[in-house]
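Participant: Residue numbers (this note's numbering), protein chains in the order written: chain B, 1 to 115; chain A, 1 to 115.
Everything labelled a hint here was simulated from the structure, so no lab data went into it.
Misleading hints may appear alongside valid ones.
Each computed DSS-like pair below joins lysine-lysine, with the alpha-carbon atoms no more than 30 Å apart [as the list claims (entries may be wrong)]:
no., chain 1, residue 1, chain 2, residue 2
1, B, Lys-49, A, Lys-57
2, A, Lys-15, B, Lys-107
3, B, Lys-107, A, Lys-11
4, B, Lys-58, B, Lys-102
5, A, Lys-57, B, Lys-107
6, B, Lys-68, A, Lys-11
7, A, Lys-11, B, Lys-102
8, A, Lys-15, A, Lys-57
9, B, Lys-58, A, Lys-15
Single-letter residue listing:
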Amino acid sequence: AQSVTQLGSHVSVSEGALVLLRCNYSSSVPPYLFWYVQYPNQGLQLLLKYTTGATLVKGINGFEAEFKKSETSFHLTKPSAHMSDAAEYFCAVRRSGGSNYKLTFGKGTLLTVNP
Amino acid sequence: GAGVSQSPSNKVTEKGKDVELRCDPISGHTALYWYRQRLGQGLEFLIYFQGNSAPDKSGLPSDRFSAERTGESVSTLTIQRTQQEDSAVYLCASSLGTGIGNTIYFGEGSWLTVV
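This is chain A alone, in the form it adopts within the complex (with noise of 0.2 Å):
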């Protein structure tokens, strides 16, 4: 597809259950990167994909939650034991590199409610 693709676009859980989010990301984009948006809240930075480096993982909010890439194509979020809080928006974006002339495309998010 032209754009970043997230599927599910929709996810009602139980709380205690884990939940798995995908990204395609645009064809030949070697970054990829996870935000978080819950309701009210600015985007919250949570994981970044470049190439085959390491990833940085730094705005992971706990140990539940976990990302992969293979390459530089489809990345998986998944979340463990899901909790209230965990409900929010969850963006994943692409962009060809890190360069500031490179135009950062999002998709149109996961919207995940933990019930």
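Same shape as in the complex, but just chain B (with noise of 0.2 Å):
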């Protein structure tokens, strides 16, 4: 079985600060691990993954993270936030063997960037 824990529901930064969003994973097999984001009244948009190989990943909008397995996490940074990238976010993981097309999501995390 698979779960997903993403630490805080709402994380709020000011425009130009780090975001970090935490992302704790379990996993009986190595995992694939995903970013998810949804911007409000759109559908979920792939940010990143880590499937093997680099554990640092990068992904659009400036975004990377780094898959570390005796933490098992993932959590997703970005050095310098924008307004635009207000948004919720979601990490997931997939089973890398058998029935590996499902994904397993957290709750997710809503981030706000003040001015």
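Both chains are given apart, each in its own frame, so use the hints to dock them into the complex.
Facilitator: Pasting the structure below:
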């Protein structure tokens, strides 16, 4: 079984400040890990994903995430927040084998960016 | 269209009525997924279709829920005798296949409110 925990349902930062959204997972097999973003009134959009190889993954809009197996974490960061980053962010995990089409999502973190 | 299209975008229904939600995947995408997002919760997997294979219905919460897909085209999710706990956003997604290299694209969702 897999699960995802996103610490903090709501994170508020100032424009230009560091964005850090936390995600911890549990998985019985090596996972594939994802971050999705949902802007108001839009569908989910893939930000970045980790499958194998380099543990630091770069995504769109300046976001990156680092897979840390020892900490079972996949935190999302961005050095400098922009107003347009305000959205809800979802971390998700997927099995790397077997019935590996199912995504298990966290409950989401709403990011607010203050001017 | 270019993306996953869902209809209706919003639906208010009375408890006990049946509702039908429609998903039009991206053309050529063989894999189609339905997820549910209840308020304050992460996305829950409902059902998965892959080409002409038997669908994975393991996420359907009760026998009031059913879904169909004809070939690799439109899918409909039907909820019979709706209950208030069925109120949620129902998200459809599609992908070219289920390999990890295939991005899963989400629609904007159908917001269902049962009163």
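Participant: Hint by hint, note whether the structure agrees.
Facilitator: Status of each hint after checking the structure:
no. : hint                    : verdict
1   : B:Lys-49 with A:Lys-57  : holds, 26 Å
2   : A:Lys-15 with B:Lys-107 : holds, 26 Å
3   : B:Lys-107 with A:Lys-11 : holds, 23 Å
4   : B:Lys-58 with B:Lys-102 : holds, 23 Å
5   : A:Lys-57 with B:Lys-107 : holds, 22 Å
6   : B:Lys-68 with A:Lys-11  : violated, 42 Å
7   : A:Lys-11 with B:Lys-102 : holds, 26 Å
8   : A:Lys-15 with A:Lys-57  : holds, 24 Å
9   : B:Lys-58 with A:Lys-15  : violated, 46 Å
Of the numbered hints given earlier, the model fails hints 6, 9; all others are met.
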